[in-house]
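Visitor: Listed below are the residues making up each chain.
2 protein chains.
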Amino acid sequence: MKDISKATIDRLPLYLRALRMSQDEGLDVISSEELGRRLEITPEQIRKDLASFGQFGKKGVGYYVNELKHSISNILGLDNHWNIAIIGIGHLGSALANYHNFISLGFNLVALFDHDSSIVGKTVNHVKVTDIDVLEQTIKDLNIHIGIITVPGQFAQEVANRLVKSKIKGIWNFAPIRMKVPDDMHIVNEDLSIGLSCLSYHITRKPR
Amino acid sequence: MKDISKATIDRLPLYLRALRMSQDEGLDVISSEELGRRLEITPEQIRKDLASFGQFGKKGVGYYVNELKHSISNILGLDNHWNIAIIGIGHLGSALANYHNFISLGFNLVALFDHDSSIVGKTVNHVKVTDIDVLEQTIKDLNIHIGIITVPGQFAQEVANRLVKSKIKGIWNFAPIRMKVPDDMHIVNEDLSIGLSCLSYHITRKPR
Chain A
10 MKDISKATID RLPLYLRALR MSQDEGLDVI SSEELGRRLE ITPEQIRKDL
60 ASFGQFGKKG VGYYVNELKH SISNILGLDN HWNIAIIGIG HLGSALANYH
110 NFISLGFNLV ALFDHDSSIV GKTVNHVKVT DIDVLEQTIK DLNIHIGIIT
160 VPGQFAQEVA NRLVKSKIKG IWNFAPIRMK VPDDMHIVNE DLSIGLSCLS
210 YHITRKPR
Chain B
10 MKDISKATID RLPLYLRALR MSQDEGLDVI SSEELGRRLE ITPEQIRKDL
60 ASFGQFGKKG VGYYVNELKH SISNILGLDN HWNIAIIGIG HLGSALANYH
110 NFISLGFNLV ALFDHDSSIV GKTVNHVKVT DIDVLEQTIK DLNIHIGIIT
160 VPGQFAQEVA NRLVKSKIKG IWNFAPIRMK VPDDMHIVNE DLSIGLSCLS
210 YHITRKPR
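Order-wise, the sequence lines are chains A and B.
Using my numbering, you'd call the opening residue of the first sequence number 10 and step up by one each time.
Using my numbering, you'd call the opening residue of the second sequence number 10 and step up by one each time.
A few of these clues could be false.
Identical copies carry no separate label here, and so any pair may be met within one copy or between two of them.
Subject to a maximum C-alpha distance of 30 angstroms in a straight line, what follows is the list of computed DSS-like cross-link-like pairs (lysine-lysine) [stated by the list, open to error]: (1) LYS189 <-> LYS57; (2) LYS174 <-> LYS189; (3) LYS189 <-> LYS176; (4) LYS78 <-> LYS15; (5) LYS149 <-> LYS68; (6) LYS15 <-> LYS68; (7) LYS67 <-> LYS15; (8) LYS68 <-> LYS78; (9) LYS131 <-> LYS176; (10) LYS67 <-> LYS78; (11) LYS15 <-> LYS57; (12) LYS189 <-> LYS78; (13) LYS67 <-> LYS57; (14) LYS15 <-> LYS174; (15) LYS137 <-> LYS149.
Quick caveat, the hints were computed from the structure, so don't treat them as lab data.
Next comes chain A alone, as it looks inside the complex (with noise of 0.2 angstroms):
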């Protein structure tokens, strides 16, 4: 497979949204056009993007819309089934426990952690909180290849350098700070003012 672009990379778990929403609604074919339309991105751009994969769709017809959304969903790795895991379970992290779109996207939610007594032994959305103590024998016994960290800023480093040693798999960040992990770990640094920040730019700017 040849080198693939980050951006397109980025694209194409919205494309998969889009899929599924466009699913939900009924629909069983899909144009580059229409996909385009709802996503704000060109059909060229869509088109080029589905290209670095494979042939998709059928030309004057469309991508048939579960054949492409299977697709995605296994260029995306989602059907491996990934066990993951949260760390911190203050508001943040409870939002994303309770989050059905992971499950409906094939993640298995296996474990949280948190280090405040008054929240470990609780249950969000089905799953115990362990104590952190035991963060890396946990993560060994459950197979966790995903760890989430959603702790305040100055536990985050910490948290980062226990999931390395034990070999997890990816990390995903949304603590605010610059994480240093090694070269060979897979991490994504999660940032929620990015979606804030574009609105007003839009505001500002366009005036529609």
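We have chain A; now place chain B onto it with these hints.
Guide: Only chain B this time, still in chain A's reference frame:
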């Protein structure tokens, strides 16, 4: 100003984030190469994106961190200090109300709304939760520019309709539905599973 692509606009908040972190680390100047390394974006792309908005940086030196940070804030319209409100004060709404990055970017959190009488009247991050019954009047009284929707999916469209009627400038939607709003309303749909899906792609495809 020429027409700027959505992809370029979406990258501006990433540049701003990286510049803010660089400044926290004490950097005065940063090259497009170093910025690119931190963001996994090519230096050519960064130079091209920024050139859409004017002349920044000095050849052979790099970008002055503080100057570029202020320029991008300005381009994003963050110096408008938009008044924001969150509608739906469950875990996600509470997490966003406590998210310090919004404040540090210049947004003013001025109101929180919920319909649950056990939540109305409580205080989250110094802001009292208001009954959603007085949504329209409060938007007018407090001059609220942006509404953040964090209610469950089945209530989201109704909330959006009320925001539209209240002549809000923009909507940031976390509900996992395809929202119907007039063409002249700016809306950014957030999907928290996008980052996790990208991480899945990376750990599936490129074992480091």
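Visitor: Give a verdict on every hint.
Guide: Going through the hints against the structure:
{"no.": "1", "hint": "LYS189 <-> LYS57", "verdict": "between (34 angstroms within a copy, 28 angstroms between copies)"}
{"no.": "2", "hint": "LYS174 <-> LYS189", "verdict": "within (13 angstroms within a copy, 46 angstroms between copies)"}
{"no.": "3", "hint": "LYS189 <-> LYS176", "verdict": "within (15 angstroms within a copy, 44 angstroms between copies)"}
{"no.": "4", "hint": "LYS78 <-> LYS15", "verdict": "both (20 angstroms within a copy, 24 angstroms between copies)"}
{"no.": "5", "hint": "LYS149 <-> LYS68", "verdict": "neither (48 angstroms within a copy, 50 angstroms between copies)"}
{"no.": "6", "hint": "LYS15 <-> LYS68", "verdict": "both (27 angstroms within a copy, 27 angstroms between copies)"}
{"no.": "7", "hint": "LYS67 <-> LYS15", "verdict": "both (26 angstroms within a copy, 27 angstroms between copies)"}
{"no.": "8", "hint": "LYS68 <-> LYS78", "verdict": "within (18 angstroms within a copy, 45 angstroms between copies)"}
{"no.": "9", "hint": "LYS131 <-> LYS176", "verdict": "within (27 angstroms within a copy, 42 angstroms between copies)"}
{"no.": "10", "hint": "LYS67 <-> LYS78", "verdict": "within (15 angstroms within a copy, 46 angstroms between copies)"}
{"no.": "11", "hint": "LYS15 <-> LYS57", "verdict": "both (14 angstroms within a copy, 17 angstroms between copies)"}
{"no.": "12", "hint": "LYS189 <-> LYS78", "verdict": "between (35 angstroms within a copy, 23 angstroms between copies)"}
{"no.": "13", "hint": "LYS67 <-> LYS57", "verdict": "within (14 angstroms within a copy, 35 angstroms between copies)"}
{"no.": "14", "hint": "LYS15 <-> LYS174", "verdict": "within (27 angstroms within a copy, 39 angstroms between copies)"}
{"no.": "15", "hint": "LYS137 <-> LYS149", "verdict": "within (17 angstroms within a copy, 43 angstroms between copies)"}
Hint 5 alone, counting from the list given before, is not met by this structure.
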